[in-house]
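Undergrad: Starting from the structure of chain X, add chains V and Y where the hints point.
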Amino acid sequence: MELIVSLKKKLPAFTLKADFTLKDEVFALLGASGCGKSMTLKCIAGIERPDKGHIVLDGKVLFDSEQQINLPPQKRQIGYLFQHYALFPNMTIAENIRFVMPTNTAHDDKTIQKLLNTFQLTDLADTYPAALSGGQQQRAALARILATPAKILLLDEPFSALDSYLKGQMETELMDILPAYGRTAILVSHDRGEVYRLADKTAVINQGKMETPQNTKDLFHNPQTLAATLLTGCKNISRAQRIDDRHIYALDWDLPLKTVAEPSSQIKYTAIRAHFLTAQEKTAGENVFPMEVVRVIEDTFSYIVMVRPQGKAVKPLRWELDKQQWQQLKKTTLYLYLPPEQIMMMNS
Amino acid sequence: MLDWNPLIITLETAVTATTITFFIGIFLAYGVMRMHKGQGLMDAIITLPLILPPTVVGFLLLLLLGKRSFIGQALLQWDIHLVFTWPAAVIAAIVVSLPLMYRTTRGAFEQLDPNIIYAARTLGVSEWRIFWHILLPNTRQGILAGLVLSFARTIGEFGATIMFAGNIPGHTQTMSTAIYAAVQANDYALAEKWAAGIILFSLLFILSLNHWLNRQTRKAF
Amino acid sequence: MKKFFILLLTILILTASVGCQQQLAATTTPEKQSPIELHIAAAASLTDVMQELAAVYAQEHPEVTITFNFGSSGALQQAIENGGQTDLFFSAAAKQMNALEKSGNLLAGTRKDLLENSLVLIVPQDSRLELNAFADLSRPELKHIAIGDPSSVPVGQYTEEVLTNLGIFDNIAAKAVYGYDVRQVLAWVATDEADCGIVYATDAASTPQVKVVAAAPAGTHQPIIYPAAVLRDTKHPEEATAFLAFAASEKARAIFTKYGFICK
Numbered sequence: 001m002e003l004i005v006s007l008k009k010k011l012p013a014f015t016l017k018a019d020f021t022l023k024d025e026v027f028a029l030l031g032a033s034g035c036g037k038s039m040t041l042k043c044i045a046g047i048e049r050p051d052k053g054h055i056v057l058d059g060k061v062l063f064d065s066e067q068q069i070n071l072p073p074q075k076r077q078i079g080y081l082f083q084h085y086a087l088f089p090n091m092t093i094a095e096n097i098r099f100v101m102p103t104n105t106a107h108d109d110k111t112i113q114k115l116l117n118t119f120q121l122t123d124l125a126d127t128y129p130a131a132l133s134g135g136q137q138q139r140a141a142l143a144r145i146l147a148t149p150a151k152i153l154l155l156d157e158p159f160s161a162l163d164s165y166l167k168g169q170m171e172t173e174l175m176d177i178l179p180a181y182g183r184t185a186i187l188v189s190h191d192r193g194e195v196y197r198l199a200d201k202t203a204v205i206n207q208g209k210m211e212t213p214q215n216t217k218d219l220f221h222n223p224q225t226l227a228a229t230l231l232t233g234c235k236n237i238s239r240a241q242r243i244d245d246r247h248i249y250a251l252d253w254d255l256p257l258k259t260v261a262e263p264s265s266q267i268k269y270t271a272i273r274a275h276f277l278t279a280q281e282k283t284a285g286e287n288v289f290p291m292e293v294v295r296v297i298e299d300t301f302s303y304i305v306m307v308r309p310q311g312k313a314v315k316p317l318r319w320e321l322d323k324q325q326w327q328q329l330k331k332t333t334l335y336l337y338l339p340p341e342q343i344m345m346m347n348s
Numbered sequence: 349m350l351d352w353n354p355l356i357i358t359l360e361t362a363v364t365a366t367t368i369t370f371f372i373g374i375f376l377a378y379g380v381m382r383m384h385k386g387q388g389l390m391d392a393i394i395t396l397p398l399i400l401p402p403t404v405v406g407f408l409l410l411l412l413l414g415k416r417s418f419i420g421q422a423l424l425q426w427d428i429h430l431v432f433t434w435p436a437a438v439i440a441a442i443v444v445s446l447p448l449m450y451r452t453t454r455g456a457f458e459q460l461d462p463n464i465i466y467a468a469r470t471l472g473v474s475e476w477r478i479f480w481h482i483l484l485p486n487t488r489q490g491i492l493a494g495l496v497l498s499f500a501r502t503i504g505e506f507g508a509t510i511m512f513a514g515n516i517p518g519h520t521q522t523m524s525t526a527i528y529a530a531v532q533a534n535d536y537a538l539a540e541k542w543a544a545g546i547i548l549f550s551l552l553f554i555l556s557l558n559h560w561l562n563r564q565t566r567k568a569f
Numbered sequence: 570m571k572k573f574f575i576l577l578l579t580i581l582i583l584t585a586s587v588g589c590q591q592q593l594a595a596t597t598t599p600e601k602q603s604p605i606e607l608h609i610a611a612a613a614s615l616t617d618v619m620q621e622l623a624a625v626y627a628q629e630h631p632e633v634t635i636t637f638n639f640g641s642s643g644a645l646q647q648a649i650e651n652g653g654q655t656d657l658f659f660s661a662a663a664k665q666m667n668a669l670e671k672s673g674n675l676l677a678g679t680r681k682d683l684l685e686n687s688l689v690l691i692v693p694q695d696s697r698l699e700l701n702a703f704a705d706l707s708r709p710e711l712k713h714i715a716i717g718d719p720s721s722v723p724v725g726q727y728t729e730e731v732l733t734n735l736g737i738f739d740n741i742a743a744k745a746v747y748g749y750d751v752r753q754v755l756a757w758v759a760t761d762e763a764d765c766g767i768v769y770a771t772d773a774a775s776t777p778q779v780k781v782v783a784a785a786p787a788g789t790h791q792p793i794i795y796p797a798a799v800l801r802d803t804k805h806p807e808e809a810t811a812f813l814a815f816a817a818s819e820k821a822r823a824i825f826t827k828y829g830f831i832c833k
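As you go down the protein sequences, you meet chains X, V and Y in turn. Those letters in the first sequence? Residues 1 to 348, per my numbering, in order. Those letters in the second sequence? Residues 349 to 569, per my numbering, in order. Those letters in the third sequence? Residues 570 to 833, per my numbering, in order.
The following block holds chain X by itself, in its conformation from the complex (with noise of 0.2 Å):
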């Protein structure tokens, strides 16, 4: 299956601009919440009209502005899963997904009853959906759909309506059901560690403008952009400028840093993530530096460490670690690495 999108649409707050074409693969739309993605699925399923642009699924024409085509969302043939799952309230299960199915031949009661099964819901085939718990629903969704000639599945937000312990079970099951759709889906989320666990390509969004789809892989170890860097849960970013080939100078935290890779002159931003930093029995070498604890922070399985470079009035800079590692450092004084070849660069 492919998928080809381009469209502009206005909207009230900023002007949604989504270019991407997705093959084969689950590619996903990151940004935070209200920045257009959702829009954008809307668009491609055809319950809004962009002002602008063309939507083509596997050939056929689904949105062109010039053309004057705006196929109506039933013609579409697209899988929607909605963030609250959109269960017709006065349908049972099985009658939700019966309804859907274009014919309604004695051959639908067999499909009914394969889905029904597949998605562990046979005993609640004639249960109504308001009695049924959110990974229940979700589940009765997606079957819904897979009733449906859809060749492709738009997912909104699957998992945000979840607890925590249901999250991760729904998306094994999401996995295994991808590959039915040859593993055409567009997944939209705010949530770094699903698409990192589920998609194949990932685009930011920001603010209705869409960045170039990257690999998923690549786009989390070297975002290129300020929004990319804060969407992927970077924690500790600085204004930064170029000294030379191998050094640029962090404003925000007053500390000259070296790298790997030679800086942009246009650099405006440096990164690295909490976990990348990590500790040093005394100074030695570059990027190695005195810091002092602002404050601790006791998490899960690890602790947060919020560390400033000593005697200056920074902002200060996240470090995370192991419970064991910080009870065996404590009496030490601090000096912080901050590993070369993690040092992210931004232009913009």
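Honestly, the hints are just simulated from the structure, not real lab data. It is possible that part of the hints are untrue.
Stated by the list, open to error - Straight-line distance between alpha carbons at most 25 Å, and here's what the computed DMTMM-like set of lysine to aspartate or glutamate pairs gives:
| # | chain 1 | residue 1 | chain 2 | residue 2 |
| --- | --- | --- | --- | --- |
| 1 | X | 110 | X | 95 |
| 2 | V | 385 | X | 66 |
| 3 | V | 415 | Y | 762 |
| 4 | Y | 780 | V | 461 |
| 5 | X | 151 | V | 475 |
| 6 | V | 385 | X | 51 |
| 7 | V | 415 | Y | 802 |
| 8 | X | 75 | V | 427 |
| 9 | V | 385 | X | 48 |
| 10 | X | 209 | X | 157 |
| 11 | X | 10 | V | 461 |
| 12 | Y | 804 | V | 540 |
| 13 | V | 385 | X | 64 |
| 14 | Y | 744 | Y | 705 |
| 15 | X | 268 | X | 200 |
| 16 | X | 315 | X | 281 |
| 17 | Y | 827 | V | 535 |
| 18 | V | 541 | Y | 762 |
| 19 | X | 75 | V | 391 |
| 20 | X | 258 | X | 320 |
| 21 | V | 541 | Y | 617 |
| 22 | X | 201 | X | 191 |
| 23 | V | 541 | Y | 621 |
| 24 | X | 282 | X | 341 |
| 25 | X | 217 | X | 200 |
| 26 | Y | 780 | V | 540 |
| 27 | X | 201 | X | 244 |
| 28 | X | 235 | X | 262 |
| 29 | V | 541 | Y | 761 |
| 30 | V | 415 | Y | 650 |
| 31 | Y | 820 | V | 427 |
| 32 | V | 415 | Y | 670 |
| 33 | X | 42 | V | 461 |
| 34 | X | 60 | V | 475 |
| 35 | X | 42 | V | 540 |
| 36 | X | 8 | X | 48 |
| 37 | X | 23 | X | 2 |
| 38 | X | 42 | V | 475 |
| 39 | X | 167 | V | 461 |
TA: Frame of chain X; chains V and Y shown alone:
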């Protein structure tokens, strides 16, 4: 002996008018909700009879459907006279009760999570089936509330009816106009009988309706 | 829900057909006994007297059935102009009849100024205020004076005329309570809510709960005329004219006088 005609006419008028209002109201609520332009204007026009004094509504009906109007002229071609007839009473009742049916139904439609409708669309369900099998069943409470309000409104209707349909015993005289006529004739005993009748009827109606609605609510899902 | 819809549709069809049948029955059955049905539109203030008049007329003319339509003269005039089928119109003021004459809705030569009414000052039956004349209205102990709304109700317009001519309208304006029709003014006085009120002599005569203490001085207001006429669109011009002639007859005058009207 008490002349039962006003009661019969009131009921016939109310039931006929409310039934028509029911369908038109739902149709308009659905139509206006799906309009892209002119929604506000359409909404205002339908709601207008709710704000206007009923006598003004009756007067406007005379201007709109009387023999000097375009529509009235057309009806005369078929030898149909509306003013001072039972159909006129029904029309007056429809016009004054429609805003209540329309507003309540539209409110109910808009209360329904739009994603449920969107989901049905993406799943390939036709608009017609969405309307009958999803929109209506899931907004039943609101629609029934609208029906009740409309019916109640038609029972008490006076101003527009007396203006447009007159106050003709056995034809267009309803309980409300019968009370007016009795007061004018200085027959307070009769006026009191009708007033007691309309109060009793309304009480019974509301009580049985509440009973029925409660059962409906319990039955729902 | 579907069942409910079908139920409603059935009810609609049933009631509509019953309603129509009733309409037909109402128009056809009387024709078997008496082929002529006269539709008379009359001012609401004529309700009781017209009903008695019709009862007397029916004894002499069993072939005629009379169907009344009582309402305010203005509303009736509007409805008639817009196609309300009517044979005869009894108005409570000349203004509405003039309008119908001007728009060509009257059968030429049938208009009659049938009755005259007068304006009286009434007090509750057990009033101890000892009001004796319209001029007493400016007495300070009066709290509420009920009159018809001068801007819309005919009785109010006549009242304003009288009070203005007596030079006391501005004095009492602050105490005036405006009724939207003459029956409301009457009811306020009858229930002792207002100290006194100004109504037509006929209304004052209709209830023992009020007493008349004064009539408006001669010449302080336009004559209060009740005109009647046959309408041009009538299907029974002869019968309608005959009824109008009856309304002007001696026999009818006796009935009108009983209700407090002055016959012209």
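Undergrad: Looking back at the hints listed earlier, which ones does the structure fail to meet?
TA: 3, 4, 8, 12, 15, 19, 27, 31 and 35
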